[in-house]
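Chemist: These protein sequence lines map, in sequence, to chains A and B. Residues in the first sequence are numbered from 1 upward in steps of one, following our numbering. Residues in the second sequence are numbered from 589 upward in steps of one, following our numbering.
If you are wondering where the hints come from, they were derived from the structure by calculation, not from laboratory data. There could be a bad hint or two in this list.
[As the list claims (entries may be wrong)] Cut-off 30 Å, straight-line C-alpha distance, at most; resulting in silico cross-link-like pairs (BS3-like, lysine-lysine):
#1 B:K921 to B:K845
#2 B:K631 to B:K795
#3 A:K313 to A:K327
#4 B:K631 to B:K833
#5 B:K845 to B:K832
#6 A:K488 to B:K678
#7 B:K833 to B:K732
#8 B:K741 to A:K37
#9 B:K732 to A:K488
#10 A:K312 to A:K82
#11 B:K674 to A:K488
#12 B:K832 to B:K686
#13 B:K833 to B:K741
#14 B:K833 to B:K686
#15 A:K204 to A:K158
#16 B:K741 to A:K488
#17 B:K732 to B:K795
#18 A:K488 to B:K686
[Claimed, not checked] Just the calculated beta-carbon pair ranges, DEER-fashion:
#19 A:D583 to B:G668: 46 to 52 Å
#20 B:E682 to A:V409: 37 to 43 Å
#21 A:S490 to B:P852: 46 to 52 Å
#22 A:G406 to B:S871: 24 to 30 Å
#23 A:N421 to B:A850: 52 to 58 Å
#24 B:D742 to A:S472: 25 to 31 Å
#25 B:P915 to A:E475: 43 to 49 Å
#26 B:P700 to A:N421: 29 to 35 Å
#27 B:P854 to A:G468: 45 to 51 Å
#28 B:S661 to A:D583: 42 to 48 Å
#29 A:S490 to B:P915: 17 to 23 Å
[As the list claims (entries may be wrong)] Partial list, computed: chain A residues near chain B (C-beta under 8 Å):
#30 S30
#31 G63
#32 D477
#33 V480
#34 E483
#35 H496
What you are looking at is a predicted structure, and each value in this text was computed from that prediction instead of being measured. Every residue gets a Cβ at the ideal spot worked out from N, C-alpha and C, and that includes glycine.
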Amino acid sequence: MSDINKINNTEQNEQEQMSLDDGRRVKVLSPGMMVFKRFIRNRLAIVGICILVFMFTFSFLGGVISPYRQDQVFYKVDSANKEYAGAVVNTDYRFTTVDGKPLSTMVRATFNSQVKGKEGDAITFTADKTAYTALKIDDGFYVITSGEELGSVTMLGKIVDVKAAEGKEISAELKAAATAAAAAGQESFELDGTAYTLTKDMGKSYKLSGMGEVALASMLNFDAADPQYSVLAAGYEFRKNCEAAMHAGQTTFTADGTEYSLEILSETDATIRDASGTELANVSNIIVNPVTSGVVLPASYKDAVVEAILAKKTSFEYVNAEGNTEKHTIQMRSNNYIISTEQQTYLIDMYSPPSAEHPLGTDDHGMDVLTRLMYGGRISLMVGFIVMILENIIGIIVGGISGYFGGWVDTLLMRFVDLFNSIPYYPMMIIAGAIMDSFEVNPYLRLYMMMAIMGIMGWTGVARVVRGQILSLREQDFMVATEATGIKVSRRIFRHLVPNVMPLLIVQATMGLGGIILAEATLSFLGLGIKYPLASWGTIINSSSNIYVMTNCWYLWIPAGLLIVLTVLGFNFVGDGLRDAFDPKMKR
Amino acid sequence: MSENSTNVLEVRNLCKYFPIKAGLFSRVVGHVHAVEDVSFTLKRGTTMGLVGESGCGKTTVGKTLLNLTPKTSGDVIFNGNVQLDKLSRKQLREFRPKIQIIFQDPYASLSPRLPVGEIIGEAVREHNIVPENELDAYVSRIMKSCGLFDYQKDRYPHEFSGGQRQRICIARAIALNPDFIVCDEPVSALDVSIQAQIINLLEDLQKEFNLTYLFISHDLSVVQHISDTVGVMYLGNMVEFADKKEIFANPLHPYTKALFSAIPVPDPTVKMNRIILEGSIPSPANPPSGCKFHTRCKDCRGVCSQKVPKVMDMGNGHTVACHIYDPESGYDKEEA
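The shape of chain B in the complex, shown without the other chains (with noise of 0.2 Å):
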C-alpha cells in the first residue's frame, strides 16, 4: 500500500445498477442505471466536489466507493493499488479507517443508544489507533478539533443539536485517521450559519491531517467554495468533469450551463440569465437512448437521441460528454 501515491482514488467506469424485482418469484425485471459509466481521480489532499439533481446518483457513487454497496462493474482504485472488493472480510475491515463517510442526516446517523465518546472512541479502539491508555485523551482531542467539548463526552446524541451532531460525525470519521472522506452533503440538513462553521471545519481539518474530500452536493456555491475539481452528473453519467475555476467560468455541457445558471448572485443589480430546464428528470430504470439529457437539453439535434455521446478531453483536465465537442459525432448547428 502505498501511502504516498498521488492518486488517493482512481474510479475507472463504475456502474451501479440496482435489480427491479417483481412478481411471485422476485423476477429481475429491469434495473435502475443509478450509476453509469463514471471515471475520475482524486488527487491526495484535494476536494472534489459532485453535483447534480437529487436522483442522478451522487450518494451512490460514494456510497459504491467505500463498497457500503457492491459495485456492478468498474474499478475503484484506492492509494494506488487497494480495491475494496478484492480484499478479503478481514483485510477489508483492517482498511476501512482509511477510508470514511460523513452522512447526510446528522440524526440518524448516530446510534441513539451510545454516549458521544464511545461513539468516536469505539472504532479508534477496535483498530488500534492509539493506546488503550492514550485513548481517552485522544478522544478530547479530536472532540476539541472538532469544535466539541471534553465534558460532552458523556452526552447521547440527543442532547446535541444537528450542528453539534454533525460534529459528532465528523469527529468519529476524522478519530480514525483517514485519507479520504466521502462528505455525503454534510451541510445539506443544516442551516445556513451552521453550514459555514462545518465547511469551515472540513477545510481546517483538510490542512490540519492532509485530508482527500470527496464532497457531494447539490448546493453550487458550497461546492464552489470547498472544492479544487468539480464534477457534474446527470441520470447516473458524469457529464462534465474540471478543475474548480474552469469549469465554474468556462462550464461547456449545457446541462452544467443550466445548473450552474442557478446560482444565485448576492447582487440585485445583476440580470441573471437562468437556463430554466423543460420536464422532469427521466427514470434511471428507463433512461433516454442515446444521451440521457437529450429529452431536456435545448440544443439538441437528431443525433443526440441516437448515439452516446463520448467523453471528451478539452484539455487542462476538463472532459465533457456532449456531441456539440466532438467534431466527429456528426452534431448539426444549423438543423432545427
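Pulled out of the complex, with its shape left as it was, chain A reads as follows (with noise of 0.2 Å):
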C-alpha cells in the first residue's frame, strides 16, 4: 500500500512541479559558467581584461605588423664639419733617385744635418763608406753625387791596364783618358764633363770612380693630375729638369726628348702640362693630405687647397666629383693647415624624439622604442606565464602532497618550503646574473635560465596556498563521503579536491602573474636579465637610466613604464574579479 502511495505522491509532486514549469525554466548553470557570469558583470575585471588583450595584441601582433626588426639598427645622414685634410709646408728635403730605388736613410740623414746651415754651392759628406757631393742648383734644390767605382787601374811599370768592376763598362775613351791621367799621375781628370778621380788603392793600383747623379733633394712636391701620370710625375729626369726650369724662371723644359710648358704661380708652385696643354702634374712645397686613410685626393682639390694657401685664404669652394659645391675652411695651426668640410656622415640616429617614422622615437643603440616595446612585451608576458606555470607546477605537487598525505611529510616539505622561503631573492637572482654575465651566456639561454630561476625561487607561495586548501578540503565532508563511498583515491584527488582547490589558484596565479613581469623588470632594469639583442620592458626603461635621458628623452621610457603598470593593474584586476566571480557567497 504504502509503496502505491508513494509512487503517486511522487506522481503528483511531479505533475505539481510540472505545473509550475519553474523547475525547467530556470536555466542551469554550471559553477563555471556562474562564475564567468559573475566574472563579466564586474567592471573592473572587464577593464583588466581589455587592458591585457590590448596587451597580447600589441605585443604578439604588433610584432609581426612592425615594419622594422626588434634588432634594427637606424642611421640618420647627418652634416658636420669634420677635418677632411691636412696641409703642411714642406721644410724637409724630398729626394728623387736615379734609379728609382729610395736612397738608404744614412745618406738621408746625413745630407739634412749637413745641408743645415751650409752656405755654399757643394757639400761633401760620406755615408755609407761613400763620398757624396751635393750641388746646389738653387735654394732648396740639390743634385747629389756619388763617387762610383768603375774599376780599377793597376800600374804595371808604363803598363796601365783598367778593369773595368763587376756589371760596370769603361768606355774606350774613358780607358785612355784613365791610363793617360794614371801615367800623368793625376788624380782627378774630366771627360764630357764629368769628374773622373783615381784613388790610390795599394801599391801601384788605383781606383777608378766617376762622380754620377744618384739624388735629387728639393722641397718640392709633385702631384700626378690624373694616377695614369703618377710615373712620369716621379721620373727623375722630369723632375730634375722641370724644377731647374722653375728656379731658372723658364716656362718649358724638356725631359726624355718630349717638351713640356710650366706655368709658374709662385716661386714654389707651378703646373706642368703638355704640348697639348693636358695638365699633367702640380709641383707645390705644401703637401696635402686627407685625414682620414684610404681616401684618395683628386689632384684638382689639392690644388684648390694649395692656391688657397698661397692666396692666404681661410676658405674656398671646391666642386667635387659629383658637381656639388663644397664649402672648405682652411686653418692654421702652427706649421699645418687643416682643412675641414661641412660632410654627410651616416650617424646612429640615438634619441631621436619620436616622428612618423618612428613613433617613440628611437633608443640608445638607434632602434626604434615601439618595435622595442612590441617585442619586450612578448618577453615580460611570456616571461610571466612560463614562470607562473613553472611555479605553479612545483607548488601543487609540493603543496598538493604535503596537504594529502599530512603527518610527518607535510612537516617534512612545509621546513623545505621554510627553507626556500628564506633565500633572499634579489642577491640570489643578482649572483645569478653576474655568473651568467661572466660565462658570456647566450642571451637566448638566459632567458630560460632566469625564468627556471624564478621559477624555482617562487614556488612556495603557491605550495602554501594548495596546502592549506587541501588540508581544510579534506576534512570536509564531502570529501568523508568519498571515502565513505569508496571512491578511487586519484579520483578523490582529480574530482574532488583538484575541482575545488583551482578558483583559488586561478586567482593567485593571475595575481602572481603581475608580480612575476615586476620582478623581471626589476633584474632587466638592473641589467641582470634580458640582454641585448632580446628587448624587456625592464631593459627599455634600463636604457634612459641616465639623468640626461630621463629629463629629455620622456618617450624612451614613459611608456615601457606605462605599459608595466597597465600589464600589472589589468593582472590585478582580472584576478580581483575572479576571486570575486569564484566566491559563492557572492549573489549571482
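Hints in hand, dock the two standalone chains.
Modeler: Shown next as C-alpha cells:
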C-alpha cells in the first residue's frame, strides 16, 4: 500500500512541479558558467581584460605588423664639420733617385744634417763608406752625386791596365783618359763634363771612380694630375729638368726628349702641361694629405687647397666629382693647415624624438622604441606566464602531497618550503645574473635560465596555498563521503579536491603574474635579466637610467613604464574579478 | 559474507580515544575518551536510535563503525563475519557500498563542483552496481524514489535547498544498494516540516530496500518515531539499551529518565515532571571516576564514584549500566 501511495505521491508532486513549470525554466548553470557570468558583470575585471587583450595584441601581433626588426639599428645622415684634409708647407727635403730606388736612410740623414746652415755650392759628405757631393742648384734644390767605383787602374811599369768593375762598362775613351791620367799621376780628370777620380788603393793600383748623379733633394712635391701620369711625375729627369726650369724661371723644359710647358704660379708652385695643354702634374712645396686613410684626394682638390693657402684665404669652395660645391675652411695651426668641411655622415640615430617613422623615437642603440616595446612585451608576458606555470606545477605537486598525506610528510615538506622562503630572492638573482654575465651566456639561454631560476625561487607561495586548501578540504564532509562510498584515491584527488582548489589557484596565479612581470622588469632594469638583442620592458627603461635621457627623452621610458603599470594593473583587476567571481557568497 | 545473517552489525567493547598532543614534539599528554566500551547488535531491517547529549560520542560511534576514523579497540562485525579493519585496502573499498553514511550537514557533504547526477552516479559506476548503459536510468530511478526529479540531474548542489540536498545525500547512499546506513543526525539541520519528509522518506526506503539504520540523533521524538531499539549514551558510554517501547515506557538509568523527561508533550494540561540535571557534561579528556554520571546524578551514592557500574541485563534485551540495578554493587538507597 505504502509503495503505491508513495508512487502516487511522487507523481502528484511531479505534476505539481511540472504545472508550475519553474523547475525547467530556471537555466541550469554550471559553477564555471556562473563564475563567468559573475566575472563579466564586474566592471573592473572587464577593464583588466581589455588591458590584457590590448597588451597581448600589442606584443604578439604588433611585432608581426611592425615594419622593423627588434634589433634594427637606424642611421641618420647628418652634416658634420669634419676635418677633411691637412696641408703642410714642406720644409724637409724629398729625395728622388736616379734608379727609382729609395735612398738609404743614412744618406738622407747625413745630407739633412750637412745641409743645414751651409752656404755654398757644394756639400761633400760621406755616408755608408761612400763619398757624396751635393751640388746646390738653387735654394732648396740639390743634385746629389756620388763617387761610384767603375773599375781599377793598375800600373806595372809603363803598362797601365784598366779593369772594369763587375757590372760596369768602361768606354774606350774613358779607358784612354784614365790611362793618361794615371800615367801623368793625376788624381782626377774630366771627360765629357764628368769628373773622375783615381784613388790610390794599394801599391800601384788605383780605384777609378766616376762622379754620377744619385738623387735630387728638393722641397717640392710633384702631384700627378691623374693617376696615369704618376709614373711620369716620379721620373728623375722629369723632376730635375722641371725644377731646374722653375728655378731658372723658364716656362718650358724638356725631359726624355719631350717638351713640357710650365705655368709658374709662384716660386714654389707650378703646373706642368704637355704640348697639347693637358695638365700633367702640379709642383708645390705644400703637401696635402687626407685625414682619413684610404681616401684619395683628387689633384684638383689639392690644387685648390694649395691655391687657397698661397692666396692666404681662410676658406674656399671646391666642386667635387658629383658636381656639388663644398665649402672648405682652412685653419692655420702651427706649421699645418687644417682643412675642414661640412660633410654628410651616417650617424646612429640615437635618442631621436618621435616622428612619423618612429612614433616613439629611437633609443640609445638607434632602435625603434615602439618595435622594441612590442618585442619586449612578448618577452615580459612570456616570462610571466612560463614562470607562473612553472611555479604552479612545482607548488601544486609539493603542496598537494603535503596537504593530502599530512603528518611527517607535511612537516618535512613545509620545513623545506621555509628553507626556500628564507633564501633572499634578489641577492640570489643578482648573483645568478653576475655568473651568467661572466660566462657570457647566450641571451636566449639566459632568458630560459632566468625563467627557470625565477620559477624555482617562487613556488613556495603556491605550495602553501595548495597545502592549506587541501588540508581544509580533506576534512570536509564531502571528502569523507567519497571515502565512505569507496571512490578511488586518484578520482578523489582529481574529481573532488583539485576542482575545489582550482579557483583559488587561478586567482593566485593571476595575481602572481603581475608580481612576476614586475620582478622580471626589476631584474632587467638592474641589467641582470634580459640582454641585448632581446628586449623587455625593464631593459627599455634601463636605457634611460641617466639623467640626460630621463629629462630629455620622455618617449624612451614613459611608454615602457606605462605598459608595465597597465599590465600589472590588468592582471590584478582580472585576479580580483576572478576572486570575487569564484566567491560563492557573491550573489549571482 | 553471509548476506542473510540476522545481525547486520555486532559491536563489542568499541573504544575510541583521541590523543591530546602538546608541546614542541607533539607529545601525547592524554586522551579524549570519546567512545568507551560500547556494545550492541543490530538486526537486519531494523533501526537503532542512538541518543545522548552533544559531545557524548554518538557521531564518533557512527564514524568509527564505518572505519572512517580508526577505532582504538573492540570489534565491529558486519554481516556476521566482516571486520573492516581486517580487510585489505582493495577489499575495504569493495565492501564500502554495503555500509553508507548520511551526514548531518547537507551543505558540506556535497562536492560543490559536481552536478547532482554525477554525485549520485559516481560511486555506482565505480563499483559497477549497474551496467554502464543503464546507469543513467538507474540514477533517475533512485532520484525519483528519493523525491528528486530527473531534470535536476545536471544541477549543482548550490541550486538546491537543504531538504533537497539531504535527499541527494540519501540518494547517494541508497544508490549503492547498501545493507546498513549510519544516519548521523540527518534531520537536525532541517526545519520541522522537512524533517518529517526526510524521516518518512527514510522509512519508505527502509521498507523498499530492507535497510538497517543506525539513527543518531539528539531529538528524542524523532528517535521515538523511527527506531526499533534505542541506545542512550553518556560521555562515551552506552548507559542503557532497550526496545523502543520498553525504554520509553520504562527508562531505568537516571540519565535516561532525565533525558526522556525533556520530551515535550503536545498537551498543555499535562503537568510535566522534568528532571533538571545539575552542572554541565564533564570533560571526556578527564572523565569522572566510577560511574561517569555520578557528578550529576540525583541518586548518586558513595559507591558510584568508586566503582564502574556493570552492564546489567534486565530481561527482554533491556540492558542498563547503573549500580542501582546491580544487587552486588553495594548501592545503598538509604545512604544520604
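Chemist: Is it true that P854 of chain B and G468 of chain A lie within 45 to 51 Å of each other by Cβ?
Modeler: holds (49 Å)
Chemist: Given D477 of chain A was flagged as interface, is its beta-carbon under 8 Å from a beta-carbon of chain B?
Modeler: Cβ of D477 of chain A sits 4 Å from chain B, so the hint holds.
Chemist: What's the verdict on K832 of chain B and K686 of chain B, does the C-alpha distance respect the 30 Å limit or exceed it?
Modeler: It holds: about 26 Å lies between the C-alpha atoms, which stays within 30 Å.
Chemist: Hey, K631 of chain B versus K795 of chain B, does the alpha-carbon distance stay inside 30 Å?
Modeler: OK: K631 of chain B and K795 of chain B at ~14 Å, within 30 Å.
Chemist: Against the 30 Å threshold, does the CA-CA distance of K488 of chain A and K686 of chain B hold or violate the hint?
Modeler: Distance of about 16 Å is within 30 Å: holds.
Chemist: Does the beta carbon distance between S661 of chain B and D583 of chain A stay inside 42 to 48 Å, or does it fall outside?
Modeler: holds (45 Å)
Chemist: Can you confirm whether the C-alpha distance between K204 of chain A and K158 of chain A stays at or below 30 Å?
Modeler: Holds, at about 11 Å.
Chemist: Need the status of pair K921 of chain B, K845 of chain B: alpha-carbon distance at most 30 Å?
Modeler: Judged against 30 Å, a Cα distance of about 17 Å means the pair holds.
Chemist: Straight-line Cα separation of K313 of chain A and K327 of chain A no greater than 30 Å?
Modeler: Given pair K313 of chain A, K327 of chain A holds - Cα atoms ~12 Å apart, limit 30 Å.
Chemist: Verify the proposed pairing of K674 of chain B with K488 of chain A, using a straight-line Cα cut of 30 Å.
Modeler: The given pair, whose Cα atoms are some 19 Å apart, holds under the 30 Å limit.
Chemist: Is 52 to 58 Å a correct range for the gap between the Cβ atoms of N421 of chain A and A850 of chain B?
Modeler: holds (55 Å)
Chemist: With a cut-off of 30 Å on the C-alpha distance, tell me whether K732 of chain B and K488 of chain A pass.
Modeler: Measuring from Cα to Cα gives roughly 27 Å; hence the hint holds.
Comparing the model with each numbered hint stated earlier shows that hints 7, 13, 20, 29 and 31 do not hold.
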